[in-house]
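Take a look at the letters that make up each chain.
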Amino acid sequence: GESVGLHLPTLSVQEGDNSIINCAYSNSASDYFIWYKQESGKGPQFIIDIRSNMDKRQGQRVTVLLNKTVKHLSLQIAATQPGDSAVYFCAWGSARQLTFGSGTQLTVLP
Amino acid sequence: EAEVAQSPRYKITEKSQAVAFWCDPISGHATLYWYRQILGQGPELLVQFQDESVVDDSQLPKDRFSAERLKGVDSTLKIQPAELGDSAMYLCASSGRDRANSPLHFGNGTRLTVT
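These protein sequence lines are chains A and B, in that order.
For my numbering, count along the first sequence from 1 and bump the result up by 1186.
For my numbering, count along the second sequence from 1 and bump the result up by 551.
Please keep in mind that the hints were generated in silico from the structure rather than gathered at the bench.
Just so we're clear, the structure is a prediction, and the values are computed from it rather than from any experiment.
Careful, some of the hints might be misleading.
Distance condition first, Cα-Cα at most 30 Å in a straight line; then the derived DSS-like pairs of lysine-lysine [to be verified]: (1) A:1242 x A:1228; (2) A:1228 x B:622; (3) A:1228 x B:613; (4) A:1257 x A:1242; (5) B:629 x B:566; (6) A:1228 x B:629; (7) B:622 x B:562; (8) B:566 x B:613; (9) A:1254 x A:1242; (10) B:613 x B:629; (11) B:562 x B:629; (12) B:562 x A:1228; (13) B:566 x A:1228; (14) A:1228 x A:1257; (15) B:613 x B:562.
Let the sequences and hints guide you as you build the complete structure.
Okay, here's the thing in structure tokens:
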């Protein structure tokens, strides 16, 4: 099948290990940040979001960390599973508009 | 779980022809977006609707692209004439009025190939 992200940064992790995907954003005025997962041939799927008044937010197996000082966002995935293999995009902006980063290809090794 | 519906799933067309894509957002979602995603890159916004009104079309190539959402529900994106560089995934997304409680939800897109 087709592959989204033929030239994307890649991250390979062993099944069961934790994954950390990083994102540098460009707009310091952004007040909303979000992570999406995109599997081959599908649209981006919402994972977790965070507003600028927070620096950490946890979901099921995922944690987003926000460092506004250095304009850095990260997604941590605990106990990575084969189904986590996908391209991960961060996005930032306001309540009305998002700008997407270039994505990271996560590959989970058996 | 409610989904954003898009059709067709795939479209192959020759350059200079017209193409149209359709999107039905999640029921009740007032805001609808069309994004274009080139292989290997993140989605880029083309046009944003609030109900039936365009609120941002600054990145829409208006000489060949048009979008409408006449009744504030479903939407159509048209390209006429298509060019080779238009080959991409066209994604539709929607969100509720309260962004804090309604993140942007995407459909599975229309993959356009212009030959």
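### Message
So, against the hints stated earlier in the document, which numbers end up violated here?
### Response
none
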